[in-house]
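Using the sequences provided together with the hints, build the complete structure.
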Amino acid sequence: MPKLIKDKAIVENAWQWLAVNDEDAAPTVPVGQVIVPLKLWLAQRDTLGSRQDVGVYLQNDENPEDLKDDVSKLPLIAIEFPAFMDGRGFTLGRLFRERYGFKGELRAAGGFIRDQLTYLSRCGFNAFDCNETFDLDSALSSLNDLPEYYQAAADQELPLFRRRD
Amino acid sequence: MYAYDQYDHQIISDRVAQFRGQTERYLAGDLKEEEFLPLRLQNGLYVQRLAPMLRVNVPYGMLNSTQLRRLAHIARAYDKGYCHISTRQNVQFNWPELANVPDILAELAEVEMHATQSSGNCIRNTTSDQFAGIAPDEEIDPRPYCEIIRQWSTLHPEFAFLPRKFKVAVTGANDDRAAVQLHDIGLQVVQNDAGEIGFKVIVGGGLGRTPVLGSLIKEFLPQQHLLSYMEAILRVYNLLGRRDNKYKARIKILVRAMGAEAFAEKVDAEWEFLKDGPSTLTLEEIERAKRFFTEPAYETLDAAAAEASLDAQAKEHKAFKIWLTRNVREHRKAGYAAVTLSLKPTGVAPGDVTDSQLDTIAGLADQFSFAEVRTTHEQNIVLGDVRKSDLFELWQAAKVAGFATPNIGTLTDMICCPGGDFCSLANAKSIPIAESIQRRFDDMDYLYDLGDIDLNISGCMNACGHHHVGHIGILGVDKKGAEFYQVQLGGSAGSDASLGKVLGPAFGQDEMSDVITKLLDVFVEIRRGDELFIDTYRRVGLVPFKERVYAKAN
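First to last, the sequence lines map onto chains A and B.
Going by our numbering, the first sequence opens with residue 99, and the numbers climb by one from there.
Going by our numbering, the second sequence opens with residue 484, and the numbers climb by one from there.
Derived from the structure by calculation, the hints contain no laboratory data.
There may be inaccurate statements among the hints.
The calculated lysine-lysine pairs, modelled on BS3-like cross-linking and capped at a C-alpha distance of 25 Å, are [what the hints assert, rightly or not]:
1) B:Lys749 x A:Lys166
2) B:Lys515 x B:Lys648
3) A:Lys101 x B:Lys1035
4) B:Lys1001 x A:Lys166
5) B:Lys731 x B:Lys749
6) A:Lys201 x B:Lys758
7) B:Lys1035 x B:Lys1001
Following this line, the structure appears as structure tokens:
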């Protein structure tokens, strides 16, 4: 089973990613832990909502507000990074955590790089699925590259100026 | 000026350690070129034509003498003995070795400096008025707010991969010397009728390929909301700014496409969620920041006596008198003056300064100006707090060191990017154009008669030399592999900001000083009294200048 970083440890990726062909109007969602695209979730929310093993993934140009009523029951939200230079996902992470109060697994997926882990984690991501494009063991240390910071973010609600001695 | 505490030191030294690791991985082949690229840029490192270039932040232009000496040491130990003051008040080294950059950054961190986010698609160094805190026309010192913004923007986790670079400038004066209408965010600190401090917020200004004056989106933002409101602007930009075309990715394009009003509404809607949250500035924090920018230990001086002895010295030494007129400015404190050291002597690339000159400036700062200096976006260095009674001695020392060229504000005090001699983006060289114009106009009396003229030169349309906002702007262009120069007239970066208009077809390098001569001839002929060039242009427009420059020889 492929691996990923979650909660500062290397774990097996137990979730299956459901790719959906646009022409397939009403695809069946298989049993087991599965992450479905936002569009599919919205179309089948009534039936999928009763399951505990369905997560949702968003492209970074999709509207997080579409999920705001679902965050309390979703176990996992994944945000796709099409390329590491595209930083929209950082904002989406903070919106899910800080605005919508999502408490489950917030997973970064796709094209981010090891050197972004510290910022991603500050923006609320706690799981990192990079398809093993970088070495997870050495990447773990990057999570803690910048342990002190000035700004408030998803991981620290108070900016430094409210914490300075 | 601001002094680091243990938190600032830790944040900056952790950053150096992070970049050291990244550089080692890159050199060992464990980090791909395209992945290292934005990482090195966000630590100030470009790869230029001939070598890497390291841009070091000078936060809002403030430097102390310890920092100057460290910059001198870096120029000596890691570079070719000189560096360059950029048009955003920063310091650039043109020849460092990539492998040495982490060591350079560590040396900078020791003296409370860094290169974090001096380039890349992130929030850049905040710039300000070089006369902040000392200008007679200033309402409120902008530097405490600049420092608050520096801290908030440094290593901001959400805004490190924006669509494009993002520049902020702050002024506290009515006469805008920080070009706030030409930044992604421009702020003017103001006081309202109720005596509250706040900001006028301008967004979407900028130069580059698509020069735009910014739009006012908030008439009065109370000071405590500074960070939450900026966060709302950045968030809207991060989500909605174009990422498909790097030439359309700046916030100015988004503001234009949406319309300033619709953009402002979007920001307000986002701000509703952030307003009054934990990032709201506390009065204690604002006071803390202000404590770093209190007045130095000014003496109570006999201003009348100082004036009298200056007059006597000026009478005796004509050159000193001229220098006083051009390079010395009024100060808000009686008996003091602000002195601009010119980095524009003929034959030196505008803004270049050697290691030993930096040491000299540090010594002058220690002796004459409370050990502090300011870099300017016109690429000079200011000693902000000089006793008038010391001016004569300072002038003599500055002359020996080569900083006393009495040309501040004149045609030869030009803004000029490094151009094709150094920069890999440039279409054309700019330094030789600057030099040919300086050589042509070596008659100081003629320059003084012309009065203040901003001549700005960029080697390409990225406009680092601010050619759009020069009274006379020169833009290097490439025509089938040859270097040509387009001339624009009528730009201004001040409170009356305007963008220049193109005069006509471009010229060859060897024609440029003749073209400038003709433009100035026309000016002198049609000028009314002591009218400034920009005012004459605004009165008569492009036509008389165009006719003369493009007249067929017969």
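Hint numbers the structure violates, sorted upward? 3 and 4
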